[in-house]
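Protein sequence lines, in the order shown, are assigned to chains A and B. All letters in the first sequence, in the order written, are residues 108 to 294 by the working numbering. All letters in the second sequence, in the order written, are residues 108 to 294 by the working numbering.
These aren't lab readings, by the way, just hints derived from the structure by calculation. Be careful, since some hints might not be right.
Facing chain B, according to a computed beta carbon distance under 8 Å, are these residues of chain A, among others [what the hints assert, rightly or not]: (1) 115; (2) 116; (3) 124; (4) 146; (5) 178; (6) 224; (7) 274; (8) 288.
Lysine to any residue pairs mimicking SDA-like chemistry, simulated, CA-CA at most 20 Å apart [unchecked claim]: (9) A:216 to A:198; (10) B:148 to A:126; (11) A:152 to B:150; (12) A:268 to B:286; (13) B:121 to A:123; (14) B:268 to A:285.
Backbone N, C-alpha and C fix where the C-beta goes; we use that ideal spot for every residue, glycine too.
Number of protein chains: 2
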Amino acid sequence: MNEQRNPWQIIDGKEMYDNNWLTVTHYNVINPSGGAGIYGKVHFKNIAIGIVPLDDELNTWLVGQYRFPINKYSWEIPEGGGPLSEDPLAAAQRELLEETGIKAANWRKIQYMHLSNSVSDEECVVYVATGLSYHTSMPEETEQLVVKKIPFDEVYQMVQKGIITDALTVTAVLKTKLLLLENKLAL
Amino acid sequence: MNEQRNPWQIIDGKEMYDNNWLTVTHYNVINPSGGAGIYGKVHFKNIAIGIVPLDDELNTWLVGQYRFPINKYSWEIPEGGGPLSEDPLAAAQRELLEETGIKAANWRKIQYMHLSNSVSDEECVVYVATGLSYHTSMPEETEQLVVKKIPFDEVYQMVQKGIITDALTVTAVLKTKLLLLENKLAL
Numbered sequence: 108m109n110e111q112r113n114p115w116q117i118i119d120g121k122e123m124y125d126n127n128w129l130t131v132t133h134y135n136v137i138n139p140s141g142g143a144g145i146y147g148k149v150h151f152k153n154i155a156i157g158i159v160p161l162d163d164e165l166n167t168w169l170v171g172q173y174r175f176p177i178n179k180y181s182w183e184i185p186e187g188g189g190p191l192s193e194d195p196l197a198a199a200q201r202e203l204l205e206e207t208g209i210k211a212a213n214w215r216k217i218q219y220m221h222l223s224n225s226v227s228d229e230e231c232v233v234y235v236a237t238g239l240s241y242h243t244s245m246p247e248e249t250e251q252l253v254v255k256k257i258p259f260d261e262v263y264q265m266v267q268k269g270i271i272t273d274a275l276t277v278t279a280v281l282k283t284k285l286l287l288l289e290n291k292l293a294l
Numbered sequence: 108m109n110e111q112r113n114p115w116q117i118i119d120g121k122e123m124y125d126n127n128w129l130t131v132t133h134y135n136v137i138n139p140s141g142g143a144g145i146y147g148k149v150h151f152k153n154i155a156i157g158i159v160p161l162d163d164e165l166n167t168w169l170v171g172q173y174r175f176p177i178n179k180y181s182w183e184i185p186e187g188g189g190p191l192s193e194d195p196l197a198a199a200q201r202e203l204l205e206e207t208g209i210k211a212a213n214w215r216k217i218q219y220m221h222l223s224n225s226v227s228d229e230e231c232v233v234y235v236a237t238g239l240s241y242h243t244s245m246p247e248e249t250e251q252l253v254v255k256k257i258p259f260d261e262v263y264q265m266v267q268k269g270i271i272t273d274a275l276t277v278t279a280v281l282k283t284k285l286l287l288l289e290n291k292l293a294l
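Build out the structure end to end from the sequences listed, making use of the hints.
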């Protein structure tokens with residue numbers, strides 16, 4: 108199979124919903140098997156960004172907030188959205204400072220993903236940040252965030268136990284754990 | 108902060124789009140800081156399911172397909188959607204058989220996540236399947252899938268190199284690698 112060729116044909120598309128963060132479009136399509144079908148696509152206007160800040164004693168920081176779409180409280184690494192036109196690293200540095208008051212001397216991109224590629228084009232990128240210094244946080248007005256400093260291995264246990272369920276956080280923590288086990292993370 | 112209390116208040120909601128897989132609703136809300144705002148929520152009618160089948164020689168199977176929403180070809184673990192009312196394990200067993208022709212004697216749930224909790228309520232669950240036997244695959248009519256058997260460590264390298272970007276697959280592979288490193292996976 109030719110991986111380059113898109114086997115989906117679009118007959119027409121109609122925008123069904125739009126807000127500052129996403130656009131939902133309904134497409135009439137011909138599917139890869141040649142049959143008529145429909146596809147509802149959610150386009151994201153921002154890339155999701157997550158940061159694992161690590162200090163010299165292997166502590167990290169979690170942010171707690173009530174997540175409207177899942178109707179549940181969620182503990183997560185510092186996260187935010189960056190416009191697709193912006194350098195994700197700049198957005199990551201801004202989000203970490205805003206949410207936790209932390210600046211970092213060293214930034215390392217550890218993972219890039221598509222979060223839900225059967226429905227949306229949402230991308231995410233995860234960084235590990237080290238060489239930390241501590242300043243004043245500036246959370247956004249709409250956010251009611253709780254920030255806590257916590258040993259990284261405790262966070263790893265929270266992932267193992269299913270207490271943390273946010274995909275960006277789970278992946279970031281598993282990847283960071285692997286880097287630590289494989290001795291590939293200079294602190 | 109009381110983690111149980113939802114600090115978001117819904118003023119009203121209007122369904123903007125609906126198809127067989129998702130519903131998009133626009134809400135007028137009072138945000139946690141007491142300000143007026145809006146929230147566009149994408150509700151998923153299925154839970155996303157992924158399976159890492161592992162044979163005794165540590166081979167696994169990948170499925171390749173062109174993903175419409177990201178307009179890219181994607182190599183992934185066998186995946187599918189199960190109705191929220193169905194036992195996800197039954198859906199996982201059906202999807203694995205349909206896509207790869209594999210039945211497994213042993214199933215282990217290794218991760219549960221919310222894939223994009225700032226916008227959707229999409230859940231996913233990942234299994235490792237061992238004790239494999241080989242039957243006839245029955246892919247769905249709309250799918251044009253390429254299935255390949257491949258050493259698990261090669262798949263881990265594909266994740267490291269950024270060749271694999273699907274979040275469910277990335278997480279499943281990182282978690283499986285950790286279980287293997289920690290000697291917690293009986294084959």
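> Given residue 116 (chain A) as an interface hint, is the shortest Cβ-Cβ distance to chain B below 8 Å?
Replying inline: violated (10 Å)
> Is the straight-line distance between the alpha-carbon of residue 216 (chain A) and that of residue 198 (chain A) 20 Å or less?
Replying inline: Distance of about 13 Å is within 20 Å: holds.
> Is the shortest C-beta separation between residue 115 (chain A) and chain B less than 8 Å?
Replying inline: holds (5 Å)
>> What's the verdict on residue 268 (chain A) and residue 286 (chain B), does the C-alpha distance respect the 20 Å limit or exceed it?
In response: The given pair, whose Cα atoms are some 14 Å apart, holds under the 20 Å limit.
> Under the criterion of a CB-CB separation shorter than 8 Å, is residue 178 (chain A) in contact with chain B as hinted?
Replying inline: holds (7 Å)
>> Can you confirm whether the C-alpha distance between residue 121 (chain B) and residue 123 (chain A) stays at or below 20 Å?
In response: holds (12 Å)
> Taking the least C-beta to C-beta distance, is residue 124 (chain A) closer than 8 Å to chain B?
Replying inline: holds (4 Å)
> Close enough to count: is the Cβ of residue 288 (chain A) nearer than 8 Å to one in chain B?
Replying inline: holds (6 Å)
> Between residue 148 (chain B) and residue 126 (chain A), does the CA-CA distance stay at or below 20 Å?
Replying inline: holds (11 Å)
>> Can you confirm whether the C-alpha distance between residue 268 (chain B) and residue 285 (chain A) stays at or below 20 Å?
In response: holds (15 Å)
> For the hint on residue 274 (chain A), does the least C-beta distance to chain B fall short of 8 Å?
Replying inline: Since the shortest Cβ distance to chain B is 4 Å, the answer is holds.
>> Under 8 Å is the threshold here; is the Cβ of residue 146 (chain A) close enough to any Cβ of chain B for the hint to stand?
In response: Holds: closest Cβ of chain B sits about 5 Å from residue 146 (chain A), inside 8 Å.
The structure is inconsistent with hint 2 alone, although it conforms to all the rest.
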